[in-house]
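Asks: Following full-length UniProt numbering, the numbering of the sequence shown begins with 1 at its first residue and continues without gaps.
If you are wondering where the hints come from, they were derived from the structure by calculation, not from laboratory data. No residue lacks a Cβ here, since even glycine has one placed at the ideal position from N, Cα and C. Everything hinted at is true.
Cut-off 20 Å, straight-line C-alpha distance, at most; resulting in silico cross-link-like pairs (EDC-like, lysine to aspartate or glutamate):
| id | residue 1 | residue 2 |
| --- | --- | --- |
| 1 | K67 | D46 |
| 2 | K19 | D46 |
| 3 | K11 | D58 |
| 4 | K68 | D29 |
| 5 | K30 | D41 |
| 6 | K11 | E47 |
| 7 | K97 | E114 |
| 8 | K100 | E114 |
| 9 | K68 | D41 |
| 10 | K30 | D71 |
| 11 | K19 | D29 |
| 12 | K19 | E59 |
| 13 | K30 | D58 |
| 14 | K67 | E34 |
| 15 | K30 | D60 |
| 16 | K19 | D60 |
| 17 | K30 | E74 |
| 18 | K69 | E59 |
| 19 | K111 | D46 |
| 20 | K19 | D58 |
| 21 | K68 | D58 |
| 22 | K111 | E47 |
| 23 | K108 | E47 |
| 24 | K69 | D29 |
| 25 | K30 | D46 |
| 26 | K30 | E47 |
| 27 | K69 | D58 |
| 28 | K68 | E34 |
| 29 | K67 | D41 |
| 30 | K97 | D46 |
| 31 | K30 | E59 |
| 32 | K69 | E34 |
| 33 | K11 | E114 |
Label pairs and their calculated CB-CB ranges:
| id | residue 1 | residue 2 | range |
| --- | --- | --- | --- |
| 34 | I113 | H81 | 19 to 25 Å |
| 35 | F72 | K100 | 36 to 42 Å |
| 36 | Y40 | N64 | 16 to 22 Å |
| 37 | T32 | H81 | 20 to 26 Å |
| 38 | L27 | F103 | 25 to 31 Å |
| 39 | H101 | Y54 | 18 to 24 Å |
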Amino acid sequence: GGKYKGPFLNKIEEDERRKIRTEWTTLLDKITQEISVQRYDLLILDEVNVVVHYGLIDEDRLINFIKKKPDFLEVILTGRHASPGLVQAAHLVSEIKNIKHPFEKGVKARKGIEY
1 GGKYKGPFLN KIEEDERRKI RTEWTTLLDK ITQEISVQRY DLLILDEVNV
51 VVHYGLIDED RLINFIKKKP DFLEVILTGR HASPGLVQAA HLVSEIKNIK
101 HPFEKGVKAR KGIEY
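With the hints as constraints, model all of the structure from the sequences given.
Replies: This is the structure we're talking about:
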């Protein structure tokens with residue numbers, strides 16, 4: 001994750017979608033391996049709800065990861081469109097409401113802020 005710089009996820013071609021699915025699957029496997037050998041207290045999967053929404057990571061696989069994570073590990077999933085399955089698997093669910101955003105004035109997404 002974190003290195004995709006192409007168009008918005010709802011506009012990408014199927015071959016690119018397959019590539020992203022593979023990258024996310026590999027990333028989740030690496031995270032699973034890493035937390036099995038080293039203790040982490042916090043894992044933030046930024047915008048992963050959007051990735052699940054567009055079918056770029058297997059939702060059941062992510063839910064299984066959440067259910068099997070060590071008790072000491074807090075996992076935070078961010079992004080719009082949290083699926084009912086992810087909401088049910090979560091211990092806490094919050095929603096952030098946009099009050100004002102530069103997009104409304106035509107400001108394009110900024111590196112380090114929106115992506």
